Amino acid sequence: KAGVTQTPRYLIKTRGQQVTLSCSPISGHRSVSWYQQTPGQGLQFLFEYFSETQRNKGNFPGRFSGRQFSNSRSEMNVSTLELGDSALYLCASSYDRGALDGYTFGSGTRLTVV
Amino acid sequence: TQLLEQSPQFLSIQEGENLTVYCNSSSVFSSLQWYRQEPGEGPVLLVTVVTGGEVKKLKRLTFQFGDARKDSSLHITAAQPGDTGLYLCAGQYLGYSTLTFGKGTMLLVSP
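Chains as they are written, first to last, in this note's numbering: chain A, 1 to 114; chain B, 115 to 225.
Looking at chain A on its own, in the form it has when it is part of the complex (with noise of 0.2 angstroms):
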């Protein structure tokens, strides 16, 4: 079965843009989950949707923001980029307990951000 799809897989942009990555779940897969990677701070947790609700929200600001569509694919958002925001983001799906189940991760974007 197809794995996790994220697109783009790598992009560049310049501070003050905005930016929206997509993550295409495995079929069937309804929680949808996003990390942000960076070599000093590891994985961080962002949000997690299940049938299009937010039903997480880890500790970012608000430029960070997401959704999720009626067929589970779910996008985010980081408006006003900064330096910062450059790291890999990782979507991750599961069936239905989000955590509970493991999670399948996609193979991420890596966002620059100069």
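No lab work stands behind these hints, which were simulated from the structure alone. Hints are supplied without guarantee of correctness; some may be wrong.
[Claimed, not checked] DEER-style ranges, computed between Cβ atoms:
1) A:Glu82 / B:Glu131: 17 to 25 angstroms
2) B:Gly130 / A:Pro39: 26 to 34 angstroms
3) B:Ser211 / A:Gln18: 23 to 31 angstroms
4) A:Arg55 / B:Glu155: 23 to 31 angstroms
5) A:Gly16 / B:Lys173: 46 to 54 angstroms
6) A:Thr112 / B:Glu155: 14 to 22 angstroms
7) B:Ser144 / A:Ser51: 19 to 27 angstroms
8) B:Arg174 / A:Gly16: 44 to 52 angstroms
9) B:Ser211 / A:Asn77: 19 to 27 angstroms
[Stated by the list, open to error] Which chain A residues face chain B? A few, computed with CB under 10 angstroms, are given here:
10) Val4
11) Arg9
12) Tyr35
13) Gly42
14) Leu100
15) Asp101
16) Gly106
Owing to the predicted nature of the structure, the values given are computational and were not obtained by experimental measurement. Ideal placement from N, C-alpha and C gives every residue a C-beta, glycine not left out.
Chain B: place on chain A using the hints.
Relative to chain A, chain B alone:
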């Protein structure tokens, strides 16, 4: 803030050696997972443990969950170059539905 600490941060060994990676927290986990991440890819789930004292084996990898459910270890026997990668533990704390990740142990196995 709940902290999940992994040690060591880096490990460089020769093929055939054994190693153990540790994951510790001061809080109790309802479940804990181990992932392996290779460069340019997302983490891949290796195992989930939920019961204190539980031991699970995956070929040459042995995972143990502490009796008090505050710590876990990953032991690799006779490491191979294919084991190279970033090993991440991730815990679900009691009362929380999300995962908290450790910063990982970078393992390099040389032929």
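Comparing the hints with the structure gives:
A hinted range of 17 to 25 angstroms for the beta carbons of Glu82 of chain A and Glu131 of chain B is inconsistent with their spacing of about 43 angstroms. Checked against the hint of 26 to 34 angstroms, the pair Gly130 of chain B and Pro39 of chain A passes, with Cβ atoms roughly 30 angstroms apart. A hinted range of 23 to 31 angstroms for the beta carbons of Ser211 of chain B and Gln18 of chain A is consistent with their spacing of about 29 angstroms. Distance hint for Arg55 of chain A and Glu155 of chain B: a CB-CB separation of about 26 angstroms, consistent with the stated range 23 to 31 angstroms.
As the Cβ distance of Gly16 of chain A to Lys173 of chain B is approximately 49 angstroms, the hint placing it in 46 to 54 angstroms holds. Under the hint 14 to 22 angstroms, the C-beta atoms of Thr112 of chain A and Glu155 of chain B, about 18 angstroms apart, fit the expected range. A C-beta distance of roughly 23 angstroms is found between Ser144 of chain B and Ser51 of chain A, which places it inside the suggested range of 19 to 27 angstroms. With their beta carbons about 49 angstroms apart, Arg174 of chain B and Gly16 of chain A fall inside the hinted range of 44 to 52 angstroms.
Here the CB-CB span from Ser211 of chain B to Asn77 of chain A is close to 23 angstroms, well matched to the stated 19 to 27 angstroms. Contact between Val4 of chain A and chain B, as hinted, is supported at the beta carbon level, the nearest pair being about 7 angstroms apart and thus within 10 angstroms. About 9 angstroms separates the beta-carbon of Arg9 of chain A from the nearest beta-carbon of chain B, less than 10 angstroms, and the hint is met. The interface hint given for Tyr35 of chain A holds, since its Cβ lies 8 angstroms from the closest Cβ of chain B, which is under the 10 angstroms cut-off.
For the restraint placing Gly42 of chain A at the interface with chain B, the shortest Cβ-Cβ distance is roughly 4 angstroms, inside the 10 angstroms limit, so the hint holds. Because the beta carbon of Leu100 of chain A sits about 6 angstroms from the nearest beta carbon in chain B, less than 10 angstroms, this interface hint is met. For the restraint placing Asp101 of chain A at the interface with chain B, the shortest Cβ-Cβ distance is roughly 9 angstroms, inside the 10 angstroms limit, so the hint holds. Of the supplied interface hints, the one on Gly106 of chain A holds, with its beta-carbon coming within about 5 angstroms of a beta-carbon of chain B, less than 10 angstroms.
The structure shown violates just one earlier hint, number 1.
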